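Asker: Residues per chain, in single letters:
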Amino acid sequence: MTNRFRTASGGRIDRAAPLSFRFDGQTFSGFSGDTLASALLANGVHLVGRSFKYHRPRGFLSAGSDEPNALVNVFRDAARAAPNLRATQVEIHEGLKASSQNRWPSLAFDAGAVNDLASPFLPSGFYYKTFMWPAGAWKRFYEPKIRAMAGLGVAPTLPDPDRYTQNHAHCDVLVVGAGPAGLAAALAAAESGATVILCDEQAELGGSLLSEVSATIEGRPATEWLADTLANLKGRDNVTLLPRTTAFGYYPHNLIALAERVTDHLAAPAAGLPRERMWQVRAKEVVIAAGALERPLVFPDNDRPGVLLADSARTYANRYGARVSERAVIFTACDAGYRAALDLKAAGITIAAIADLRTEVSGELPARALAAGIDVRPSTVVVGTRGRLRVASALLAKAKGGEVGPTETVPCDTVLMSGGFTPSVHLFSQSRGKLVWDGAAGAYLPGTSVERERSAGACRGIYGLQRVLEDGYAQGEAAAIASRDYASPARGATPAPAVSSRAFPASAEDLGTAGFIGATPHGRNPALAKAFVDWQNDVTSKDILLATREGMRSIEHVKRYTTTGMATDQGKTSNMNTLGIVSEALDTPVPQIGLTTFRPPFTPTTFGLFAGAARGDVFDPVRNTAIHGWAAEQGAAFEDVGNWKRAHYFPRAGEDMHAAVARECKAVRASVGLFDASTLGKIEIVGPDAAEFMNRMYTNAWAKLEPGRLRYGVMLREDGFVMDDGVVGRMAADRFHVTTTTGGAPRVLAHMEDYLQTEWPDLDVWLTSTTEQWSVIAVQGPKAREVIAPLIEGIDLSREAFPHMSVREGRICGVPTRLFSVSFTGELGFEINVPSAYGRAVWEAVYAAGERFGITPYGTETMHVLRAEKGYIIVGQETDGTATPDDANLGWAVGKAKKDFVGKRSLIRESMSAPDRRQLVGLKTTDPQVVLEEGAQIVADPSVPVPVPMLGFVTSSYHSAVLGRSIALAMVKGGRARIGQKLMVPMPAHAIEVEVVEPIFYDPKGERLNG
Amino acid sequence: MLIITCPWCGARPETEFRYGGEAHIARPADPSALTDQEWADFLYNRTNPKGLHAERWRHIHGCGRYFNALRDTVSDFLVTTYKAGEPRPENSRPDVEGSGR
Amino acid sequence: MQKFSGFELFRRALGGHKSWQPQWRNPEPKAEYDVVIVGAGGHGLACAYYLAKEHGITNVAVIERGWLGGGNTGRNTTIVRSNYLFDESAALYEHAVKLWEGLSQDLNYNVMYSARGVLMLAHNHHDEISFKRHVHANRLNGVDNEWLNAEQVKEFCPPLNIKSMRYPIIGGALQRRGGTARHDAVAWGFARAADSRGVDIIQNCEVKGIRRGPDGAVEGVETSRGFIRAKKVGVSAAGHTSVVMAMAGLRMPLESYPLQALVSEPVKPAFPTVVMSNTIHAYISQSDKGEMVIGAGTDAYTSYSQRGALHIAAHTLDAICELVPQFRRLRMLRNWGGIVDVTPDRSPIIAKTPVPGLYVNCGWGTGGFKATPGSGHVFAHTIARDAPHAINAPFTLERFRDGFLIDEAAAAAVAH
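Protein chains in written order, with numbering that gives the first Met the number 0: chain A, 0 to 1010; chain B, 0 to 100; chain C, 0 to 415.
Check before you lean on any hint, since a few could be wrong.
As the list claims (entries may be wrong) - Computed footprint of chain A on chain B; a stretch qualifies when at least three of its residues, placed anywhere within it, have a C-beta under 8 Å from a C-beta of chain A: (1) 0-6; (2) 17-26; (3) 31-41; (4) 45-53; (5) 76-89.
Said to hold, decoys possible - Covered stretches of chain C (in silico footprint by chain A; criterion: 3 or more residues with CB under 8 Å from a CB of chain A, positions within the stretch not fixed): (6) 22-35; (7) 112-125; (8) 139-148; (9) 237-246; (10) 378-391.
Derived from the structure by calculation, the hints contain no laboratory data.
Every value quoted in this text rests on a predicted model; they were computed, and no experiment measured them.
From the three backbone atoms N, C-alpha and C, an ideal C-beta is built for every residue, glycine too.
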């Protein structure tokens, strides 16, 4: 198709670079520099979407990020589809493919439009009043129908293959918005020597200057001044320019989050480029130069394709060379409508009439319009539009003092509206600055700042090109100066108003602050007329009045009840008019109605941008032990334990987990096994007061533990519940080698540091995490001593010289070691601690030395079975944060004579010795082949009706190959007194009979520990 | 993300620190002398003020030390930080409500 | 109260909906009430409703600093479930779910309770044992909850990625009767129903003090609109409970933390249920409007700022993109924060206090919405009878003194 609506010349598009793209399957042409919106308009396409609720046909309303209607799905390929993008922001490239949304079967004929016919029965909040009968029908019937109708675009169905990256940056001055105020601010700050970042959401920097055709600055055409200024800024080392970059969030202490679109505008992005880039900028000072948004007027049928914002139509013509129309009616409440009329007329559009809401129309722009022969009609409103999928005519009427006269039909193909401008205070408000209602400006403006931040230009209600430039320059200069005194992120005293040290003589029309808020009078049957306030969510002025009638007096209630301002534009075009309508309905001044809170993001921001590289293996760190590679080579199966990958079992050919574990268990009991225990947490506790510190942190008594001996330690939280456990070696009078559970290591160290630093700073003790420094090789089984003996130097391994629960320092394979005689299997056992760099070498040496005994590497599953056979608990499995030491059969580890330790006071509360506390016991199923389910509950009588009283639950359960039967550990109310009783474990289909037994199944006397 | 000034290391981003709850709640010297209610007050009851809060932070990805801060829980902004063991400073910010004792 | 129904909607449409009346009045406070409830969130309004409906106490005011339903009621991610581990919690939340199931009809207000299922994901063996413990305990308590293996998880929620991720999904616990409801409708429905029974809902009325008599008993509340005498005062102020209770001289076992939530832009139905993963810290469901509603645990430090940190929200989205990688191209529309009051055992307090005539309902942490009707119901009972209902009897203040904690978090490491 041809660009029938393209202007003959002008604009910033590159007419030498034609492009073709597809919209809804049809091929169109445009130029480099076009947005999807401008290119479609140049082709005469206005119908681009269907509304959310009524599926009414919709066209473009604006030319920027405030667009509520023109949402499209853009897709490069099946996995690279993005719904709900604004056509006004999508830059076209060769081959771009986009489609409209929320319509079936087609955009021009949408079956969902039946909702529009039913709209009298679907006022705001209708769903709260109906769909309630019969009970349950909401979920089964109504809700699925409503859901299918709701939603906008279609979510992608394949994983997004694109990358997103994150940059962190610091600067003296961050300027948000590269319109005239932002450019001047950046220039001032840069000239002052400050490091500056200037960002703008648009593809080109320049803001409103990009749409100027007649204005001049410092004697040059505005566009020339823009080019010079950008060249000046680009040439400076202290300036970073970021086009296509939206400042979407203002976080505490001047952390501003920016989203940069990197590749979406490219036909063939270079490999390796991220799709988007997040900048987290920490700025000493921020200048917000976000400009202002043109406000629509709320009149009947104002949603028909062809009804646009006047200044947006001007932007399409001046910046993109796209005529939105052949014949336009302009409906305005301010001079912006006249400026648009003049520029559009110059672009070849016939201006059928200007309907001006105001009675008095005077000033330069109206005068020029009259001089140009335009039909200017004061005190006139548009009371409706006609046409099916596009405006064909507008209905105009005189309106005076609320009286609306007879209507006149004016043929036209667009209605362009301007209700004035709303300062864009989103970021200021996000920064927690206080907004102040300015009655003269008819707008909320930035009041007291909270952050080191200042606003400049239209976003603080300053209009007129020269004033805007000078304000921008003044604020930029002030920000640069303030950044020099930066001592802390706290904002100091409010500075005096900044005054520009430079003049920017500029010629451009000053539009003033005139405008209109609310719904314009129309005199039509209010039950039938639909005057839209929120285009995307289909909220009309009628809906807002209904909400106020139903008692919704707070603006938040009105918003939530009607959904106005809750669409993807978050009320950019609708919030002020809503306020106006509510204000009138409740006869309450606007500032007393309240204002809904501005929340991040400023415009919708891609999830992937937040997630960045965090996916798969870099979602969370992977911790591997020094021996991991060996286990992987052996074909071990791994399990995740916290961040760690631990060898779960070592299957041989044809073995499942059950078979492998049975083999590994038998090997340990019969001969010897090898286990990587390196993930255990380790803390070195050193100092003259180390023993005293241990006494206070653990339940056990440590004073009498001799150097060279090990002890099993139990740690409580201050509330008396078991927090962690581990074997502790006393290396010297002033040195302990503490081990913790795998998952508990950081928690335990933090807990210790807390007490040491804040409660007992007088203790002379140092704590050092050594988890990563030691590899721990557990050699377990009757042959353990024989396996390691040939490798050990300097340690007498004899039973007498090195009894169970001892530690010695010496060498293994020439490597220094702390050798523990310790067992978590019930067999003779050693844990070889060696520096991690030697972990694998020593492991392999031990493995080689053990081969003649059939040494068997085993994983965590076998470790679990073996320790359960012995009734050794695992903190976090047998205990759950509600178990006392006594509950877990660890009463013996509590130093009764100690005056105090962390948690001791809590243990004497009445509840802690209640007779029905759950206690650790063993369970044996009557049928030895039945393995209980971990987590299963235990009851006395499963046949009673619900709720069935529960006595406890199964904490660990395995098939023991060595014992030839199942075993289980459990926490059971009053469990120790129930030993010998039969209880039941109810499963969904049947109940399993169990006998309560002592929690030890193998070698109850512990004879094997000494080999 | 706040900027927090560690009294030992200087200003650093919040992610280097870990919050440690209300400050100036000393563990009783002799817990066994306390009633259950007094012990529960120590263990569980907190001021939780809306306004100025004296609280503990630890520079966990830095010097590792605990220190105290006065922070306005309405704005989240810190008014000052000080070393563990030092008394709570007077509120130097009249604009911040000092409701935390 | 004007009846809500399809017929009424049709009938009034013919009159251009001009005849709808306010859903609740906007009354001036009276000098004295039998009961003043502090806080017009879902819990406070529900309490007022049940005081009137079940106990015949209608001389009740609910006073609210801002606008009704404007606190956590209007800021949460609307998840409803009752598959809690301990008998006490299961009874409390199941009581609520049973009320949810008939709430729209009871209130004559469609609260859109949608039992679309709540699926909690297990990523490791510890999760599996914990969830199975819940499943068995819930079954014996008459609460539905079932274990699904990884394939069944995928079948129930096809958009989920279960394998190619850092912590693959090994199964999940599914409560089919769990789901979501429309948060605003809950507040408005209770407000309208309570108002129609004579309860005064007084908005823009901030409590400045709690007046106590010479015997220590409550006499009323000082407010920004003057003193209001009351025989009994029930505090239902969520994140601000510590502040209000301090006015009566009570120090509470509470800390107030920010809780963030966010939504995506609306899309056509693409996610069928509610999915929660405590291990990687995120939950997600899709609203009727089409937005993906996403949340996680609380932020790191106490705050009343009603906003959260960027890095916390980013981490939540890390997890969502890991669980549903096709959603990486969806866009965040809005991110906000609430203030949740957290107890040491992560269970609520619904109880009498040491001050005669003063009652408190607080400590719901991140999980208060789901309990709204049940909480209001038993709190009303507690106030009306000056004694707890059997269901909330364990949820006292004294449990912290005596050590009878109901520590769901420690037991399960599951977010609420």
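Asker: Does each hint fit the structure? Answer for all of them.
Answerer: Hints, verified against the model:
1. 0-6: holds (count 4)
2. 17-26: holds (count 4)
3. 31-41: holds (count 4)
4. 45-53: violated (count 0)
5. 76-89: holds (count 3)
6. 22-35: holds (count 4)
7. 112-125: holds (count 8)
8. 139-148: holds (count 3)
9. 237-246: violated (count 0)
10. 378-391: Check failed, 0 qualifying residues.
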